[in-house]
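Visitor: Listed below are the residues making up each chain.
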Amino acid sequence: MVYLTRKAEFSASHFYHNPAFSAEENRRIFGKCNNPNGHGHNYTLEVTVKGEVDPRSGFVVDLKQLKEILNREVLDAFDHRFLNKEVPEFLTRIPTTENLAIAVWQRLAPKLKTAELHRVRVYETPDLFVDFFGEA
Amino acid sequence: MRAHLIRRYLFSASHRLHSDAMTPEENIATYGKCNNPHGHGHNYYLEVAVSGQVDEATGMVCNLVDLDECVQAEVLERFGHQNLNTLSDFENEVPTTETLCQVIFEILQRSFDKAHLERVRIEETMLNSFEYAGGAEIRP
Numbered sequence: 000m001v002y003l004t005r006k007a008e009f010s011a012s013h014f015y016h017n018p019a020f021s022a023e024e025n026r027r028i029f030g031k032c033n034n035p036n037g038h039g040h041n042y043t044l045e046v047t048v049k050g051e052v053d054p055r056s057g058f059v060v061d062l063k064q065l066k067e068i069l070n071r072e073v074l075d076a077f078d079h080r081f082l083n084k085e086v087p088e089f090l091t092r093i094p095t096t097e098n099l100a101i102a103v104w105q106r107l108a109p110k111l112k113t114a115e116l117h118r119v120r121v122y123e124t125p126d127l128f129v130d131f132f133g134e135a
Numbered sequence: 000m001r002a003h004l005i006r007r008y009l010f011s012a013s014h015r016l017h018s019d020a021m022t023p024e025e026n027i028a029t030y031g032k033c034n035n036p037h038g039h040g041h042n043y044y045l046e047v048a049v050s051g052q053v054d055e056a057t058g059m060v061c062n063l064v065d066l067d068e069c070v071q072a073e074v075l076e077r078f079g080h081q082n083l084n085t086l087s088d089f090e091n092e093v094p095t096t097e098t099l100c101q102v103i104f105e106i107l108q109r110s111f112d113k114a115h116l117e118r119v120r121i122e123e124t125m126l127n128s129f130e131y132a133g134g135a136e137i138r139p
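Protein chains in written order, with numbering that gives the first Met the number 0: chain A, 0 to 135; chain B, 0 to 139.
These are computed hints drawn from the structure, not numbers from a lab. What you were told as hints is all true, and nothing was included just to trick you.
Far from chain A, by Cβ distances over 12 Å, these chain B residues were calculated:
1. 28
2. 30
3. 39
4. 77
5. 84
6. 111
7. 129
8. 134
Chain B regions said to be covered by chain A (calculated; three or more residues, Cβ under 8 Å):
9. 0-7
10. 61-75
Bear in mind the structure is a predicted one, so any value in this text is a computation, not a measurement. Backbone N, C-alpha and C define an ideal beta-carbon position, used for all residues, glycine too.
So here's chain A without its partners, still in its complex pose (with noise of 0.2 Å):
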């Protein structure tokens, strides 16, 4: 078994706050994250995926493959957004970096076809990240 990473950076803005919530929970939950107009990061994407190699080719996968996929379930739909406006999930889910992993999860798993997704990896800054392995 071997593991393949591919790196893809995405620049989007967002908030956090719940509808359920009263305006003071939603300001003592999230802190400075409640600003109902938003801020933004610069995010770092790694998505690992697992495979034998194979004979052939000496892949795992095809990374030009990946690459098109991440640009067109991902990237196009993350990159230069404001997340709770404009991609569907976050019509209704919190757009915190746990759910950006899932999502990310959610739209790559059902494209990869050779090698399967291991690991999502969503860096909100260098010091901050989030791992999803698909676990429900």
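Model the placement of chain B on the given structure of chain A, informed by the hints.
Guide: Just chain B now, with coordinates in the frame of chain A:
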């Protein structure tokens, strides 16, 4: 759904690698420069990984403020700008980064209860890093 949240922290501390169970020659042979009696220091980058179900109401594994407060109070204030050899945690242990990983893992396991502690990773320098998951295997 279960996700893993990883947060990085920085602290600086000094240490000396020396075992009373070894002769001076053995200490030098084992620890080399790190056996210098006056000690030396590092900027340690600490990574704390926790996991849990993503709360549907908050979108979070745990509130980062709670994790930061706990690590600040229990780890950074305890070890930051200290000589590790002088601390009770290392009374009977050589303060290698392996041991430091284990000590910090055990402190956080006792003191942080808002999510499951997965592992502690420490970069002693840009070239060396160590990980401890309470004895469990660490997955890639």
